[in-house]
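Student: Spelled out, the chains give:
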Amino acid sequence: MQISTRRLDKTAIIDISGDIDLAHSTEVRRTVLAELRVNKTPRVILNLHDVNYIDSSGVASLVEGLKAARDVGSRLILYGLSPIAHEVLRLSRLLKIFEIYDSEDLALEA
Amino acid sequence: MKRTGWLLRLELPSNPEILCVVRSAVMRLAEEMGFAPEECRGLTRAVDEALANIIRHAYDGRPGQPIEVLCRKLPGDSRGKQRAGLEIVLVDQGAAADRKKLCGRSFEEIRPGGLGLHFIKDAVDVMQYSTRDQTNRLRLVKYLPGANVESKIAKGE
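Chains A and B supply the protein sequences, listed in that same order.
First residue of the first sequence: 1, per the working numbering; consecutive thereafter.
First residue of the second sequence: 1001, per the working numbering; consecutive thereafter.
Think of the hints as simulated: they come from the structure by calculation, not from any bench.
Using N, Cα and C, we set each Cβ at its ideal position, and we do this for glycine too.
Just to be clear, a hint being listed does not mean it is correct.
Example chain A residues on the side facing chain B (calculated, C-beta under 10 angstroms, incomplete) [unchecked claim]:
#: 1; residue: Ala23
#: 2; residue: Ser57
#: 3; residue: Val88
Not close to chain A: a few residues of chain B, all C-beta gaps over 12 angstroms, as computed [stated by the list, open to error]:
#: 4; residue: Arg1009
#: 5; residue: Glu1038
#: 6; residue: Asp1048
#: 7; residue: Glu1068
#: 8; residue: Leu1115
#: 9; residue: Arg1139
Take these sequences, add in the hints, and give me the full structure.
Tutor: Laid out in structure tokens, this is it:
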């Protein structure tokens, strides 16, 4: 898995590629939480376009990020969900909980 | 448990980094057996989540502990007594699972954790957990489309 962060004004875009599984979900969680709690970024956008697989620990990381965002008054946005990521969030019944967009442009406009 | 007659047998350490390899193998096996794409993904997710549970809970995150993955094709018979499908057994020597926790959490609860068991139960027709002689076994069975379903999941029995 690879993870990197781009910054645009008051927004952080975190690009993730590969598998968010037990081996890597901790890194996702750490990155997202640091962006929200340490950097106090008002809007954090996760690019999941190149995520091949996401397990329950990955979903848990996203949920923790969402809770942290709500705690600090920031927004956590997802975009570019691959069919597999979409399927996992659907199975988790979390599709309506997250703010999800199809593209980066739409996420930035939101 | 007999070590013969299995279509695929993997011995792996309790290291999270190895899970991607198992996922690939299970996905390919399910495809070869004729499961639909969504079923293949579900089965793969079920095995992955079960292995993650073994690593996290049975072995408390300790790497290098033994896990065995056994897969075999269940042949169907014309009388319908035996349904065709895929049987996957995961074996570990870690701490036994708390049966009370084998039910998973409610989907209505929005919190991290507890989803893995739901993914497993959602994907398979049979889930049986047993412990004997300090060895834990999780048996998962997914029947091929068209096979009659005699009994639904033996959840945590």
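Student: For every hint, state whether the structure bears it out.
Tutor: Hint check results:
1. For alanine 23 (chain A), the suggested interface contact is upheld, since its CB lies about 4 angstroms from the closest CB of chain B, less than 10 angstroms.
2. Here the hint on serine 57 (chain A) is kept, as its CB sits about 7 angstroms from the closest CB of chain B, short of 10 angstroms.
3. Interface restraint check for valine 88 (chain A): the shortest CB-CB distance to chain B comes to about 8 angstroms, inside 10 angstroms, so the restraint holds.
4. In this structure arginine 1009 (chain B) is separated from chain A by more than 12 angstroms, as the shortest Cβ-Cβ distance comes to about 22 angstroms.
5. The beta carbon of glutamate 1038 (chain B) is not kept farther than 12 angstroms from every beta carbon of chain A, the shortest such distance being approximately 8 angstroms.
6. Annotated as non-interface, aspartate 1048 (chain B) brings its C-beta within 12 angstroms of a C-beta of chain A; the closest such distance is 6 angstroms.
7. Residue placement check: glutamate 1068 (chain B) keeps its beta carbon more than 12 angstroms from all beta carbons of chain A (closest about 18 angstroms).
8. Not every Cβ of chain A is farther than 12 angstroms from the Cβ of leucine 1115 (chain B); the closest lies at roughly 4 angstroms, contradicting the non-interface assignment.
9. Separation of arginine 1139 (chain B) from chain A is adequate, the least Cβ-Cβ distance of about 20 angstroms exceeding the 12 angstroms criterion.
Hint check: violations occur at hints 5, 6 and 8; the rest are consistent with the structure.
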